[in-house]
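Participant: Under full-length UniProt numbering, the first residue of the sequence shown carries the number 1, and numbering increases by one thereafter.
Since the hints were made in silico from the structure, they are not lab data. There could be a bad hint or two in this list.
Stated by the list, open to error - What follows is a list of derived Cβ distance ranges for each label pair: (1) Asp150 x His103: 41 to 47 angstroms; (2) Asp32 x Asn120: 23 to 29 angstroms; (3) Asn165 x Thr142: 31 to 37 angstroms; (4) Glu51 x Leu88: 25 to 31 angstroms; (5) Asn75 x Asn121: 22 to 28 angstroms; (6) Arg53 x Leu175: 37 to 43 angstroms.
To be verified - Straight-line C-alpha distance at most 30 angstroms; calculated DSSO-like pairs for lysine-lysine: (7) Lys158 x Lys141; (8) Lys156 x Lys141; (9) Lys156 x Lys135; (10) Lys141 x Lys100; (11) Lys135 x Lys100.
None of these values were measured; they are calculated from a predicted model. C-beta atoms are modelled at their ideal positions from N, C-alpha and C, and glycine is treated no differently.
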Amino acid sequence: MVVDFGRAQHHFLAGIMNHMTSLCAFGMANCDGYVRTAKDAAGAWIGFGTENRDLPVRKISEQHWEFRVLDSTSNPYLFAATVVLAGLSGLSENINQSWKDCHVFPHSLTEIERVNYGLNNTMPNSLHEALDSLKTDLTMKTWIPQALLDSYIPVKGKEVEVFQNMTYDQRRLRLLEYFWFMCLHTNVSEELYVL
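Given the sequences, and given the hints that come with them, work out the whole structure.
Facilitator: What follows is the structure, encoded as C-alpha coordinates:
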(Lines of atoms letter the chains of each structure in order from A and count residues from 1; the text may use other names and numbers.)
(Lines give C-alpha, C1' and ligand atoms only; values in the text may rest on other atoms or scores of the structure.)
Protein backbone atom coordinates (compact mmCIF):
# COMPACT_ATOMS: atom_id res chain seq x y z
CA MET A 1 0.00 0.00 0.00
CA VAL A 2 1.37 3.41 -1.01
CA VAL A 3 0.50 6.37 1.21
CA ASP A 4 0.51 9.86 -0.27
CA PHE A 5 1.93 11.77 2.69
CA GLY A 6 1.48 15.12 0.97
CA ARG A 7 -2.24 14.50 0.57
CA ALA A 8 -2.50 13.07 4.10
CA GLN A 9 -0.76 16.16 5.46
CA HIS A 10 -3.29 18.41 3.72
CA HIS A 11 -6.25 16.44 5.14
CA PHE A 12 -4.67 16.50 8.62
CA LEU A 13 -4.11 20.27 8.46
CA ALA A 14 -7.63 20.84 7.10
CA GLY A 15 -9.09 19.00 10.11
CA ILE A 16 -7.16 21.29 12.45
CA MET A 17 -8.12 24.45 10.57
CA ASN A 18 -11.80 23.43 10.55
CA HIS A 19 -11.78 23.29 14.36
CA MET A 20 -9.39 26.19 15.03
CA THR A 21 -11.85 28.35 16.97
CA SER A 22 -12.71 25.45 19.30
CA LEU A 23 -9.03 24.53 19.71
CA CYS A 24 -8.40 28.07 20.96
CA ALA A 25 -10.54 27.29 24.03
CA PHE A 26 -7.83 24.81 25.04
CA GLY A 27 -4.73 26.54 23.66
CA MET A 28 -5.44 30.08 24.81
CA ALA A 29 -7.12 29.22 28.08
CA ASN A 30 -7.02 32.69 29.60
CA CYS A 31 -8.77 35.95 28.73
CA ASP A 32 -5.50 37.78 28.05
CA GLY A 33 -4.39 35.12 25.58
CA TYR A 34 -6.62 36.69 22.96
CA VAL A 35 -4.32 39.65 22.59
CA ARG A 36 -2.49 37.11 20.40
CA THR A 37 -5.31 37.16 17.84
CA ALA A 38 -4.64 40.82 17.17
CA LYS A 39 -3.05 41.90 13.92
CA ASP A 40 0.52 41.08 14.93
CA ALA A 41 0.58 37.81 16.90
CA ALA A 42 -1.22 34.53 16.24
CA GLY A 43 -3.20 36.37 13.62
CA ALA A 44 -6.72 37.59 13.16
CA TRP A 45 -7.47 35.16 10.31
CA ILE A 46 -7.64 31.37 10.29
CA GLY A 47 -4.99 30.22 7.86
CA PHE A 48 -1.41 29.03 7.47
CA GLY A 49 1.74 30.26 5.84
CA THR A 50 5.33 29.22 5.33
CA GLU A 51 7.39 31.22 7.84
CA ASN A 52 4.36 33.46 8.38
CA ARG A 53 4.06 34.37 12.06
CA ASP A 54 0.92 36.39 11.40
CA LEU A 55 -1.29 33.31 11.07
CA PRO A 56 -2.25 30.70 13.69
CA VAL A 57 -0.39 27.92 11.86
CA ARG A 58 3.14 28.49 10.62
CA LYS A 59 4.78 26.05 8.24
CA ILE A 60 8.50 25.87 8.92
CA SER A 61 9.26 22.88 6.66
CA GLU A 62 7.34 19.90 5.27
CA GLN A 63 7.58 18.06 8.60
CA HIS A 64 7.78 21.03 10.97
CA TRP A 65 4.72 23.09 11.84
CA GLU A 66 4.07 25.59 14.62
CA PHE A 67 0.64 26.09 16.16
CA ARG A 68 0.66 29.64 17.47
CA VAL A 69 -2.51 29.40 19.55
CA LEU A 70 -0.89 27.96 22.66
CA ASP A 71 0.00 30.04 25.70
CA SER A 72 1.46 29.27 29.10
CA THR A 73 -1.93 29.17 30.86
CA SER A 74 -3.12 26.17 28.88
CA ASN A 75 -2.81 22.49 29.61
CA PRO A 76 -0.37 21.51 26.83
CA TYR A 77 -1.37 17.84 26.98
CA LEU A 78 -5.05 18.62 26.52
CA PHE A 79 -4.24 21.06 23.70
CA ALA A 80 -1.93 18.59 21.93
CA ALA A 81 -4.55 15.83 22.23
CA THR A 82 -7.28 18.01 20.72
CA VAL A 83 -4.99 19.14 17.87
CA VAL A 84 -4.12 15.53 17.03
CA LEU A 85 -7.80 14.51 17.20
CA ALA A 86 -8.77 17.41 14.92
CA GLY A 87 -6.06 16.36 12.46
CA LEU A 88 -7.16 12.73 12.58
CA SER A 89 -10.73 13.82 11.85
CA GLY A 90 -9.42 15.57 8.75
CA LEU A 91 -7.73 12.34 7.68
CA SER A 92 -10.70 10.07 8.38
CA GLU A 93 -13.15 12.42 6.65
CA ASN A 94 -10.76 13.29 3.78
CA ILE A 95 -11.38 16.98 4.39
CA ASN A 96 -10.06 19.06 1.54
CA GLN A 97 -7.91 22.00 2.45
CA SER A 98 -9.38 25.28 1.23
CA TRP A 99 -6.47 27.42 2.44
CA LYS A 100 -3.45 28.35 0.36
CA ASP A 101 0.02 28.90 1.74
CA CYS A 102 0.02 32.61 2.62
CA HIS A 103 3.50 34.17 2.56
CA VAL A 104 2.39 37.75 3.18
CA PHE A 105 0.97 39.79 6.04
CA PRO A 106 -2.80 39.08 5.80
CA HIS A 107 -3.80 42.64 6.68
CA SER A 108 -1.92 43.94 3.65
CA LEU A 109 -4.20 41.95 1.34
CA THR A 110 -7.30 43.21 -0.36
CA GLU A 111 -10.49 41.32 0.40
CA ILE A 112 -10.28 39.51 -2.96
CA GLU A 113 -6.65 38.48 -2.32
CA ARG A 114 -7.51 37.35 1.21
CA VAL A 115 -10.38 35.20 -0.07
CA ASN A 116 -8.04 33.73 -2.70
CA TYR A 117 -5.80 32.48 0.14
CA GLY A 118 -8.85 31.02 1.90
CA LEU A 119 -8.64 33.52 4.75
CA ASN A 120 -12.41 33.75 5.17
CA ASN A 121 -12.88 33.19 8.89
CA THR A 122 -11.51 35.16 11.79
CA MET A 123 -9.96 33.84 14.95
CA PRO A 124 -11.96 34.22 18.17
CA ASN A 125 -11.39 37.58 19.85
CA SER A 126 -12.02 36.30 23.36
CA LEU A 127 -12.09 33.19 25.50
CA HIS A 128 -15.87 33.65 25.60
CA GLU A 129 -16.04 33.32 21.78
CA ALA A 130 -13.75 30.26 21.83
CA LEU A 131 -15.87 28.58 24.50
CA ASP A 132 -19.04 29.31 22.51
CA SER A 133 -17.40 27.67 19.50
CA LEU A 134 -16.43 24.63 21.60
CA LYS A 135 -19.98 24.33 22.93
CA THR A 136 -21.39 24.15 19.39
CA ASP A 137 -18.61 22.03 17.81
CA LEU A 138 -20.46 18.72 17.68
CA THR A 139 -17.53 16.85 16.13
CA MET A 140 -15.08 17.94 18.81
CA LYS A 141 -17.60 17.06 21.50
CA THR A 142 -17.54 13.45 20.28
CA TRP A 143 -13.76 13.20 20.91
CA ILE A 144 -13.62 14.70 24.37
CA PRO A 145 -15.25 12.92 27.31
CA GLN A 146 -18.45 14.70 28.33
CA ALA A 147 -17.34 14.73 31.99
CA LEU A 148 -14.25 16.75 31.01
CA LEU A 149 -16.31 19.24 29.00
CA ASP A 150 -18.87 19.47 31.83
CA SER A 151 -16.03 20.58 34.14
CA TYR A 152 -13.84 22.59 31.77
CA ILE A 153 -16.44 24.81 30.07
CA PRO A 154 -18.14 26.08 33.28
CA VAL A 155 -14.79 26.75 35.01
CA LYS A 156 -13.50 28.71 32.02
CA GLY A 157 -16.87 30.46 31.73
CA LYS A 158 -16.59 31.58 35.35
CA GLU A 159 -13.07 32.85 34.66
CA VAL A 160 -14.43 34.91 31.77
CA GLU A 161 -17.13 36.33 34.05
CA VAL A 162 -14.64 37.27 36.78
CA PHE A 163 -11.70 38.42 34.64
CA GLN A 164 -13.71 40.59 32.24
CA ASN A 165 -14.53 42.95 35.13
CA MET A 166 -10.87 43.34 36.15
CA THR A 167 -8.25 45.70 34.85
CA TYR A 168 -5.16 44.30 33.17
CA ASP A 169 -3.10 44.87 36.34
CA GLN A 170 -5.70 43.14 38.50
CA ARG A 171 -5.76 40.12 36.15
CA ARG A 172 -1.96 40.00 36.10
CA LEU A 173 -1.78 40.06 39.89
CA ARG A 174 -4.45 37.34 40.19
CA LEU A 175 -2.55 35.08 37.78
CA LEU A 176 0.73 35.69 39.58
CA GLU A 177 -0.92 34.78 42.88
CA TYR A 178 -2.39 31.63 41.36
CA PHE A 179 0.83 30.42 39.72
CA TRP A 180 2.90 31.39 42.78
CA PHE A 181 0.55 29.26 44.91
CA MET A 182 0.93 26.37 42.48
CA CYS A 183 4.73 26.64 42.59
CA LEU A 184 4.79 26.62 46.37
CA HIS A 185 2.60 23.55 46.52
CA THR A 186 4.56 21.52 43.98
CA ASN A 187 7.83 21.54 45.98
CA VAL A 188 9.56 23.85 43.51
CA SER A 189 12.38 25.87 44.97
CA GLU A 190 11.31 29.41 45.86
CA GLU A 191 14.67 30.74 44.68
CA LEU A 192 13.62 30.06 41.10
CA TYR A 193 10.62 32.37 41.40
CA VAL A 194 11.96 35.81 42.25
CA LEU A 195 9.45 38.41 41.08
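Participant: Hint by hint, note whether the structure agrees.
Facilitator: Status of the hints after comparison with the structure:
1. Asp150 x His103: 41 to 47 angstroms: For Asp150 and His103 the Cβ distance comes to about 42 angstroms; the hint holds.
2. Asp32 x Asn120: 23 to 29 angstroms: 27 angstroms, holds
3. Asn165 x Thr142: 31 to 37 angstroms: Between Asn165 and Thr142, where Cβ atoms are some 34 angstroms apart, the hint holds.
4. Glu51 x Leu88: 25 to 31 angstroms: Hint holds: Cβ distance 26 angstroms, inside 25 to 31 angstroms.
5. Asn75 x Asn121: 22 to 28 angstroms: At roughly 25 angstroms between Cβ atoms, Asn121 and Asn75 fall inside 22 to 28 angstroms, so the hint holds.
6. Arg53 x Leu175: 37 to 43 angstroms: Given range 37 to 43 angstroms: violated, Cβ gap about 25 angstroms.
7. Lys158 x Lys141: 20 angstroms, holds
8. Lys156 x Lys141: 16 angstroms, holds
9. Lys156 x Lys135: Holds - the C-alpha atoms of Lys135 and Lys156 are around 12 angstroms apart, at most 30 angstroms.
10. Lys141 x Lys100: Roughly 28 angstroms separates the two Cα atoms, so the pair holds.
11. Lys135 x Lys100: 28 angstroms, holds
In terms of the numbered hints stated before, the structure departs from hint 6 and from no other.
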